[in-house]
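Peer 1: So the chains spell out like this:
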Amino acid sequence: MIKRAFFGILKPKLHYKQIDEAPAQPTSVRASQKITLYIDDPDQNTEASVLKVGDPVKSGQKIALTAKADSSYLLASRSGRISNIALFVGIFGKKFTAVTIDMDADAAQIMDDVFKSASQTPSLENARAMLAGLPGKPDFNVFLSGGHPVKTIAVLGADSDLLSITRQYFVKNNIISIKTGIDLLRKITGIHNVILIVPHHLAQVAGSSGATVKTVDSEYPSAHPHLIRQHILSSEAPISGAGVAFFSAEAVSAIGAAFNTGKPPLEKLLSFISKDGTRRLVSVPIGTSAQDILNEFNEKIKDGDQLIVGGPLTGISVYASDYPVLPDTDTLMVLSKKKIVEREESACVNCGECVRVCPSGIQVNLLVRCLEARKFQEASDRYDLFSCIECGFCSYVCESRIPVFQHINLAKYTLEHMKEAEKNNV
Amino acid sequence: MSSNTIKLTVSHAPFWHNGSSTASKSRNILLDSLFAVVPGCYQYGRAAAGVVTIAVASAIIWELLINFLSRRSISVGDGNAAVIGMMLAMLMPATTPWWAVVTGTFLAVVIGKEIFGGIGANPFNPAVLGMAILMLGWPFLFDFNASVLNYAFDFKAIYPLVLSKSFGAHAVDSFTVMELLKGHQIGGIGATFGIGLIIAGVYLMIRGYIRWEISIFFLAGVFATALFFKWLNPFYAGPGFHLFTGYTLIGAFFLATEDASSPVNFIPMLIYGFLGGLLTVMIRNIGVHIDGVLYAVLIINLVHPLVDKIRPKAMGKGVSHE
Numbered sequence: 260m261i262k263r264a265f266f267g268i269l270k271p272k273l274h275y276k277q278i279d280e281a282p283a284q285p286t287s288v289r290a291s292q293k294i295t296l297y298i299d300d301p302d303q304n305t306e307a308s309v310l311k312v313g314d315p316v317k318s319g320q321k322i323a324l325t326a327k328a329d330s331s332y333l334l335a336s337r338s339g340r341i342s343n344i345a346l347f348v349g350i351f352g353k354k355f356t357a358v359t360i361d362m363d364a365d366a367a368q369i370m371d372d373v374f375k376s377a378s379q380t381p382s383l384e385n386a387r388a389m390l391a392g393l394p395g396k397p398d399f400n401v402f403l404s405g406g407h408p409v410k411t412i413a414v415l416g417a418d419s420d421l422l423s424i425t426r427q428y429f430v431k432n433n434i435i436s437i438k439t440g441i442d443l444l445r446k447i448t449g450i451h452n453v454i455l456i457v458p459h460h461l462a463q464v465a466g467s468s469g470a471t472v473k474t475v476d477s478e479y480p481s482a483h484p485h486l487i488r489q490h491i492l493s494s495e496a497p498i499s500g501a502g503v504a505f506f507s508a509e510a511v512s513a514i515g516a517a518f519n520t521g522k523p524p525l526e527k528l529l530s531f532i533s534k535d536g537t538r539r540l541v542s543v544p545i546g547t548s549a550q551d552i553l554n555e556f557n558e559k560i561k562d563g564d565q566l567i568v569g570g571p572l573t574g575i576s577v578y579a580s581d582y583p584v585l586p587d588t589d590t591l592m593v594l595s596k597k598k599i600v601e602r603e604e605s606a607c608v609n610c611g612e613c614v615r616v617c618p619s620g621i622q623v624n625l626l627v628r629c630l631e632a633r634k635f636q637e638a639s640d641r642y643d644l645f646s647c648i649e650c651g652f653c654s655y656v657c658e659s660r661i662p663v664f665q666h667i668n669l670a671k672y673t674l675e676h677m678k679e680a681e682k683n684n685v
Numbered sequence: 020m021s022s023n024t025i026k027l028t029v030s031h032a033p034f035w036h037n038g039s040s041t042a043s044k045s046r047n048i049l050l051d052s053l054f055a056v057v058p059g060c061y062q063y064g065r066a067a068a069g070v071v072t073i074a075v076a077s078a079i080i081w082e083l084l085i086n087f088l089s090r091r092s093i094s095v096g097d098g099n100a101a102v103i104g105m106m107l108a109m110l111m112p113a114t115t116p117w118w119a120v121v122t123g124t125f126l127a128v129v130i131g132k133e134i135f136g137g138i139g140a141n142p143f144n145p146a147v148l149g150m151a152i153l154m155l156g157w158p159f160l161f162d163f164n165a166s167v168l169n170y171a172f173d174f175k176a177i178y179p180l181v182l183s184k185s186f187g188a189h190a191v192d193s194f195t196v197m198e199l200l201k202g203h204q205i206g207g208i209g210a211t212f213g214i215g216l217i218i219a220g221v222y223l224m225i226r227g228y229i230r231w232e233i234s235i236f237f238l239a240g241v242f243a244t245a246l247f248f249k250w251l252n253p254f255y256a257g258p259g260f261h262l263f264t265g266y267t268l269i270g271a272f273f274l275a276t277e278d279a280s281s282p283v284n285f286i287p288m289l290i291y292g293f294l295g296g297l298l299t300v301m302i303r304n305i306g307v308h309i310d311g312v313l314y315a316v317l318i319i320n321l322v323h324p325l326v327d328k329i330r331p332k333a334m335g336k337g338v339s340h341e
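As you go down the protein sequences, you meet chains F and R in turn. Sequential numbering of the first sequence, starting at 260, is according to the working numbering. Sequential numbering of the second sequence, starting at 20, is according to the working numbering.
For reference, chain F alone in the conformation it holds in the complex:
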């Protein structure tokens, strides 16, 4: 935890972690016995599911919920047999189908070669059908959804939360494969305007990617996609949000490797932060349980500790240590019980700290009063609820220790839920 500075006259600042000059090689961690894949499944139409318990699975095989082309899927990172299919409900009711695969006992993995032939003729359809489960979770739907036409591809080489160095590692060490990935993206999408966004210290390395390089400040939350769009890409694309497709550096590098070799990469790189604050880069098969990583580093967790998937400001704390590493898990951190900040039900004292740190210029002091009274519609109409980019800075500085960020997310969730219900009732 970074404490309040002695000098409080200036705005509080949090800085992103910089990758070392010579970063250590990532430690490879093996999954023990099984992997679990949480596949996005908002509709929960399990009847249509094509998956069955007992199905054999090959490494690299697409695990899709339905046979439809737009069905969400992940890639099995290890071969084995499906042993369990269950509903998993994540934060704010986000629904997943959890598919557990018991790994084959023998070390020799059976590779799925469906993608191999497809990789000969790179196309957007192939990529969407086969590569959305790559590490970094590339989203190809933005090109095909028929909304605003995409004019710019932004590759994020700067990490979005504090402590993580995952994306920086790719820019620093895998710039060649990022270049391959960018070239491929250009080819399959026909979009030539690709911008690589990196922290200042990586600007030189990033130059060899062949993309336009733009830098972001080391100050949180400047590497947030919304702010990047607002401050860096505003000349490239309309502010309204459309026109830019964001990819993480890891995803682009994986796309490059997938088309080059015909084999999609299935190992996720993540920054693991242990209780004492040590940070290690870890490379694991997607679906590996967090417990396997904890075991590898002899990290013991006790009752009351916190296991956080994602960074310290925007991550999600999970209920069980068998939570799997997913394609978009950049950071895994353990927080010991005594470092956990207690939130309070005390009233806002109107100190204004949140208003001064808010990157969106929201009047958080007024907003939070509205939210505490559960006047969500008013919060959205009058107090800019939906301008929030969810950086969590307001909760970090709150003197009354109000869970502002949680209030905001709850309000957004409730309103969206209501809107959905209205739509269905019509």
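Accuracy of the hints is not assured; some may be wrong.
Derived contacts from chain F toward chain R, CB cut-off under 8 Å, selection only [claimed, not checked]:
(1) R263
(2) P271
(3) I450
(4) F556
(5) D564
(6) K596
(7) D643
(8) E679
(9) N683
(10) V685
Treat the hints as calculated values from the structure; they're not laboratory data. In this text, a Cβ means the ideal position worked out from N, Cα and C, and glycines have one as well.
Please arrange chain R on chain F, whose structure you already have, making use of the hints.
Peer 2: Then chain R, alone, in the frame of chain F:
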């Protein structure tokens, strides 16, 4: 879904906090106020120490009582009641009788804060509201000239603002800025020792416990308005006199900056502060009251929600989120 028996703590992001709290802010303001209160107690003796202790203690007790009566959780731990008590004591003359102090803290804590919903919900600075009601109710108790009759000082024991109001700038020539800063004037327990108040104020501004914009522009307002009056008519005392007499310094650093009743945006803070300074000198020079700070603070408290509407547009405002 898990055979895991470890019970992890689950909470919403963020998982870090900068460690600030209302209690630590109150603690800092309380300790900091001693820069002005200790010299005050030295000047006025045990009576002053009595007023301070009764004020702080009774303020805490009033809040505790309200906590019990309204069946809310005990909130005295945040230190806000103690701060209100301290502020009130700093404004009072050392000879204030105990019952007036206790009534004052009742007015401040209960009427000024608790009935509006407690900390953060008060529209006015509670201490200022309490003091203003006391002064209206028992004006003779807060006549600073009468209050120090039994003291022997080695400086002119007349409330400087009374002199300047009745006899003009000439009468206060003997009050040089240096003398005023050293506290060689009569007044409230914690309101006269200028050097201490400035040290306290600068500390609070640097630490970010008060918003410097408000304090600086309050003082700028006093300075500019006093200068204007002086230029208009030399009968009025100059800016140096107005800055360091009465409640100006305590008003700028401790009263106008109270969180709940002051704005949070940059430009509104400047307007709010400047308006406070302007009203202070206006009331002193052409109003009926001797010191204008209390009423000026109450008035700017009243306009704070209005000025705080001057604010930057939120990002993406006016854009459909469909």
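Peer 1: Run every hint past the structure and note whether it holds.
Peer 2: The hints, checked one at a time:
1. R263: holds, 4 Å
2. P271: At about 6 Å, which falls below the 8 Å cut-off, the nearest Cβ of chain R leaves the hint on P271 (chain F) intact, so it holds.
3. I450: violated, 23 Å
4. F556: Because about 17 Å separates F556 (chain F) from the closest Cβ in chain R, which is outside the 8 Å limit, the hint is violated.
5. D564: holds, 6 Å
6. K596: Given a least distance of 7 Å, the restraint on K596 (chain F) holds.
7. D643: This hint holds: D643 (chain F) lies near chain R, its Cβ roughly 4 Å from the closest one there, short of 8 Å.
8. E679: Not OK, violated: E679 (chain F) not within 8 Å of chain R, min 13 Å.
9. N683: violated, 17 Å
10. V685: violated, 16 Å
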